[in-house]
Amino acid sequence: MSKHRALSEITRSPEFFAGCADVAARVVNGADAGEVAALLAEAGALLGADAAAFASFIKDDEAYESYRFVLACDATWCLEYESGACYMHDPWLEYTRHHAEPVLAERILARTDQERAVVDLARRYGFASAVIVPAQAPYGLTRLAALCLGSAMPDYFNNDSLSAVTFAATALALRLHEWQIGQLRQELLEHTRLSDEDIELLRHQRLGHGSKQIAKAINASSMSVDSRWQRLNAKLGVSSRVAAANLAAEYGLL
Amino acid sequence: MKTPTAKKSPTDRSCGVVVKSDDGGVCFRLRPTRSGLLVQRDRRRKDNHARLVQSVVFATSDGFARWCAADSVRFDYPIVSSALMREGGALLQDHEQASGAERDHQEP
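Here the protein sequences line up with chains A and B, keeping their order.
Mapping to this note's numbering: the first sequence position 53 is 53, numbers consecutive.
Mapping to this note's numbering: the second sequence position 40 is 40, numbers consecutive.
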């Protein structure tokens, strides 16, 4: 990506914000992962980064958690990250769980040896200096995402130009998150073949409606509602109505 | 034994290729794009109750080969790994030939 031009030189360019906004605008719902990876690489270069990764997390069901990465960096990093189960001890991901503000990665404290190992791994693969830009889900959902911009040059982002980078990168992170939710929604619909009636049932559950209330609303018997729920839970591979509605909400269906 | 299933059309690779293990532990989706080969690696770990999906585009065969060589799937699912290298290599070769032909066409 960049040949380590000074960050101030990059951010003072008259085209800096317009270029970043243009790339963010091209991250549209329905774009495939290949197009988005190419746009991420383009945006990373505009933002002065050597490496860029967009990471998202979602709780799939009661048992499984999913981590998704779109990479514009050395992809070997992600192989090592996965084989070492680094997602279990990632302080940058943990920061994203609790904060909405972009931050220099070096300001996030790695508290344990395992967390320090995760940071060291990232540093070895082009994130010696890094900026974490969180993109959060609405209140009540576990899904989260973050854009991570990296430079092989230590302290590259640690200067007065950081605010311009984070300002431009926030718009991109939000667009990437929106795109990712669209992908998840599509993935769930394709995988489960949910009908409009199924989605209506899930909406009722999300509003806290019981069988009788749902039966009245859809003009059916309570027994019929209960059997619909059994089929729906089986389609989604979950054990309860609450888990089904949570899953649908996490995947952006509701 | 962990064995792969490779789903592909014998005549048209442009729609992409899926290489996966029968136990669902790993799945690679390969598809040619304008900038290279899109690889989506989907790995499920039952022990950690976690799934990690990484999407990356490789522009060159060398970069793709290095990445395949670094993947632990080479040891955990050797047959899947061989199929991945074969199918991905063929798709990238097509991409590189097409890019080369386009360059030749553009040059005066």
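Derived from the structure by calculation, the hints contain no laboratory data.
Model, not experiment: these values are computed from the prediction.
Certain hints may be false.
[Unchecked claim] DSS-like, lysine-lysine: derived pairs with alpha carbons at most 30 Å apart:
(1) Lys46(B) x Lys20(B)
(2) Lys212(A) x Lys235(A)
(3) Lys212(A) x Lys46(B)
(4) Lys216(A) x Lys235(A)
(5) Lys216(A) x Lys20(B)
(6) Lys212(A) x Lys20(B)
(7) Lys235(A) x Lys46(B)
For each hint, the structure was consulted:
1. Lys46(B) x Lys20(B): holds (16 Å)
2. Lys212(A) x Lys235(A): Roughly 22 Å separates the two Cα atoms, so the pair holds.
3. Lys212(A) x Lys46(B): violated (38 Å)
4. Lys216(A) x Lys235(A): Given that 30 Å is the threshold and the Cα spacing comes to 24 Å, the pair holds.
5. Lys216(A) x Lys20(B): violated (46 Å)
6. Lys212(A) x Lys20(B): With Cα atoms ~45 Å apart, Lys212(A) and Lys20(B) exceed 30 Å; violated.
7. Lys235(A) x Lys46(B): OK: Lys235(A) and Lys46(B) at ~21 Å, within 30 Å.
Checked against the numbered hints given earlier, this structure breaks hints 3, 5, 6; the rest are met.
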